[in-house]
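2 protein chains.
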Amino acid sequence: MATIKDIANRLGVSVSTVSKGLNGANDISEQLRQTVLDTAVEMGYTTKQMRSKTNKKICLFIENIEYETPEQFGYDIVLGFKQSAFKEQYDVTVTPVTPLFQSTEKYDNYMLRHGYVGAFLVGFALQDDWIAQLDTTTTPTTLLDNYIKKNPNVCYVGTDSFEGIDDAIEHLTSLGHKTIAFLNGSAHSMISEQRKQAFIDSMTAHNLPVKEEMMPYGYYAADCAKEYLGILLAQGATAILCGNDLIASGVIAECRARGFRVPEDISVIGFDDIPLSAKLTPPLSTIRQDRLELGRSGYYTLHSLINHTSISKTMLRPQLILRSSTATVRAI
Amino acid sequence: MATIKDIANRLGVSVSTVSKGLNGANDISEQLRQTVLDTAVEMGYTTKQMRSKTNKKICLFIENIEYETPEQFGYDIVLGFKQSAFKEQYDVTVTPVTPLFQSTEKYDNYMLRHGYVGAFLVGFALQDDWIAQLDTTTTPTTLLDNYIKKNPNVCYVGTDSFEGIDDAIEHLTSLGHKTIAFLNGSAHSMISEQRKQAFIDSMTAHNLPVKEEMMPYGYYAADCAKEYLGILLAQGATAILCGNDLIASGVIAECRARGFRVPEDISVIGFDDIPLSAKLTPPLSTIRQDRLELGRSGYYTLHSLINHTSISKTMLRPQLILRSSTATVRAI
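In the order they appear, the protein sequences are chains A and B.
Position 244, counted from 1, in the first sequence is what my numbering calls 244; the numbers after and before it change by one each time, with no gaps.
Position 205, counted from 1, in the second sequence is what my numbering calls 205; the numbers after and before it change by one each time, with no gaps.
Hints listed in this document are in silico derivations from the structure and should not be mistaken for laboratory results.
Misleading hints may appear alongside valid ones.
As the list makes no split between identical chains, a pair holds if one copy fits it or if it spans any two.
Said to hold, decoys possible - Once the Cα atoms are required to be at most 25 Å apart in a straight line, the calculated DSS-like pairs of lysine-lysine come out as:
1) Lys178 to Lys150
2) Lys226 to Lys56
3) Lys313 to Lys57
4) Lys150 to Lys313
5) Lys56 to Lys87
6) Lys106 to Lys150
7) Lys149 to Lys87
8) Lys20 to Lys87
9) Lys313 to Lys149
Can you make the complete structure from the sequences, with help from the hints?
Structure (structure tokens):
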């Protein structure tokens with residue numbers, strides 16, 4: 001476990017400055033105090049007070065998403081959640097789960113048995129046991145990218161897919177693209193369904209044709225491109241919007257393998273803006289989700305639910321990041 | 001202006017306890033500290049620090065909504081906003097505005113000239129000059145009940161009309177009602193349009209007929225019932241959902257004037273749950289909006305925007321409060 005000295009070394013400040021930051025003293029700047037707290041969390045520091053508290057225990061359950069290193073999608077979500085919770089002395093446990101794990105015990109029972117006052121659920125699928133149980137849960141619960149109707153104990157946080165996808169289609173049409181495909185992530189995910197609807201809405205608003213074969217569900221990994229790219233190219237796609245950056249990286253590699261250049265022959269846009277995106281060849285244009293803020297919003301809404309304020313939904317704005325993977329449509 | 005002694009008297013605690021609460025001392029309970037802060041705001045107390053600060057000035061602009069007394073719709077919204085802002089040393093100015101006021105100066109110019117770092121806009125209409133300017137504003141701005149597309153500097157907070165209206169229709173159909181009318185508030189309001197759509201969606205989902213004449217736009221005052229009730233009754237309405245509680249109070253009075261009993265002949269449901277609702281004869285069933293929390297969410301999202309976190313939307317859950325203004329449909 002990190003010590004105060006470790007944090008001081010990382011930040012290049014004195015031990016007493018770190019100590020002041022952790023204890024909320026008034027004689028260091030607010031900005032430095034925040035940096036100390038954020039760094040303490042990132043390094044795994046916990047205060048004595050937190051270790052002894054039992055009534056402020058919350059859990060972050062994570063499924064289907066990698067989060068161990070900064071390169072992975074889930075890392076900043078977990079970090080943002082922990083950073084915000086730390087500032088209000090919550091004790092956060094991160095627990096990876098599987099469908100099997102969920103089948104062994106009911107969600108509310110698990111929460112009660114472990115003394116958790118609330119949880120943030122990240123990466124769950126629509127058919128998961130615990131998701132079905134959320135219709136009636138009495139435990140304060142925030143979900144990333146999943147919405148539960150009418151239960152005042154549950155909140156949804158996410159990024160507005162509609163605005164992000166509309167920005168991407170707007171950009172592609174400004175480059176002359178008309179035959180645009182959407183290689184989506186997995187079915188059985190609320191967010192995949194929402195993005196498909198967003199794609200349909202935006203294409204329709206731009207008077208472009210919408211065909212079922214041009215918006216297949218794949219899965220959230222690079223390999224998915226191998227399976228679906230051929231179908232999309234055969235239908236004349238000149239631009240491919242992807243369900244995440246990993247799929248986009250697969251599309252770029254697979255285009256190259258088939259003798260197509262990106263962006264000269266095919267334009268590609270990703271989703272998420274994970275660190276990989278900027279390092280691809282060509283650097284990937286993508287719809288950015290602010291994952292640190294998703295984590296922080298996850299905490300804030302959960303904290304609200306625990307305090308009996310029933311927030312049903314908090315959405316963040318996406319941002320279209322333009323790099324070098326799109327170009328004017330090729331003349332035929 | 002209220003003094004520390006005034007606050008101590010109101011709460012029945014010592015001056016030193018109030019002082020500790022205001023200064024964030026650790027030796028009083030968190031709950032008492034919150035109560036001291038909330039009461040200080042309600043009584044108009046400001047700290048020396050707040051009066052001298054110039055870089056934390058924010059404004060709450062309010063139009064078309066009364067907020068001077070606890071009975072009025074806007075009171076708790078303003079209070080919740082000020083309470084939350086006070087805890088983080090923001091200086092809040094409440095400024096009533098009119099369309100004429102907005103035509104005299106551009107929104108961004110006004111904000112700049114007064115040194116405001118952000119604003120919460122409550123009660124504005126779609127055709128207002130300042131609303132049109134929000135498409136491109138660079139000032140952090142949160143709106144109650146209005147959504148601006150794609151501008152990362154603007155956030156929308158509100159109550160989920162869809163769930164609230166669906167709960168009400170669900171309740172009325174469980175009592176056997178099939179001919180249900182919706183006497184809406186003013187047109188030219190995003191929230192009125194949203195609620196009309198919510199009514200259409202819910203009626204359709206319950207396999208009930210949707211007719212344009214059964215969901216007129218009125219205006220957000222009791223008198224509106226005089227004008228529209230006749231049309232709704234003539235079409236056989238047995239239940240009337242209203243755009244707010246004032247309209248519902250007018251509907252109850254007007255039913256009585258025409259010889260109809262509420263709820264025996266006509267069921268009535270309001271919207272908002274202002275203090276008046278419980279005092280009506282019969283006490284009004286209504287879709288509750290938590291206005292204190294709307295104000296607090298207004299502050300939280302504005303604070304996020306000021307700190308460059310682009311929240312686009314935060315929605316609260318409504319709650320159907322059942323009192324005595326609905327009953328089983330009368331046998332014909």
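Evaluation of the provided hints:
Taking the shortest Cα distances, lysine 178 and lysine 150 sit within 25 Å of each other only across copies (23 Å), while inside one copy they are farther apart (40 Å). Neither within a single protomer nor between protomers do lysine 226 and lysine 56 lie at most 25 Å apart by alpha-carbon distance, with minima of 47 Å and 54 Å respectively. Only within a single protomer do lysine 313 and lysine 57 lie at most 25 Å apart by alpha-carbon distance; the minimum there is 23 Å, versus 28 Å between protomers. In this homomeric assembly, lysine 150 and lysine 313 come within 25 Å of each other (Cα to Cα) both inside a single copy, at 11 Å, and across copies, at 18 Å.
For the identical chains of this complex, lysine 56 and lysine 87 are neighbours both inside a copy (12 Å) and across copies (22 Å), given an alpha-carbon limit of 25 Å. Taking the shortest Cα distances, lysine 106 and lysine 150 sit within 25 Å of each other inside one copy (20 Å), while across copies they are farther apart (40 Å). Proximity of lysine 149 and lysine 87 under a CA criterion of 25 Å is satisfied in neither setting, with 30 Å inside one chain copy and 32 Å between copies. Both within a single protomer and between protomers do lysine 20 and lysine 87 lie at most 25 Å apart by alpha-carbon distance, with minima of 14 Å and 21 Å respectively.
Both within a single protomer and between protomers do lysine 313 and lysine 149 lie at most 25 Å apart by alpha-carbon distance, with minima of 11 Å and 17 Å respectively.
Checked against the numbered hints given earlier, the structure breaks hints 2 and 7 and satisfies all the rest.
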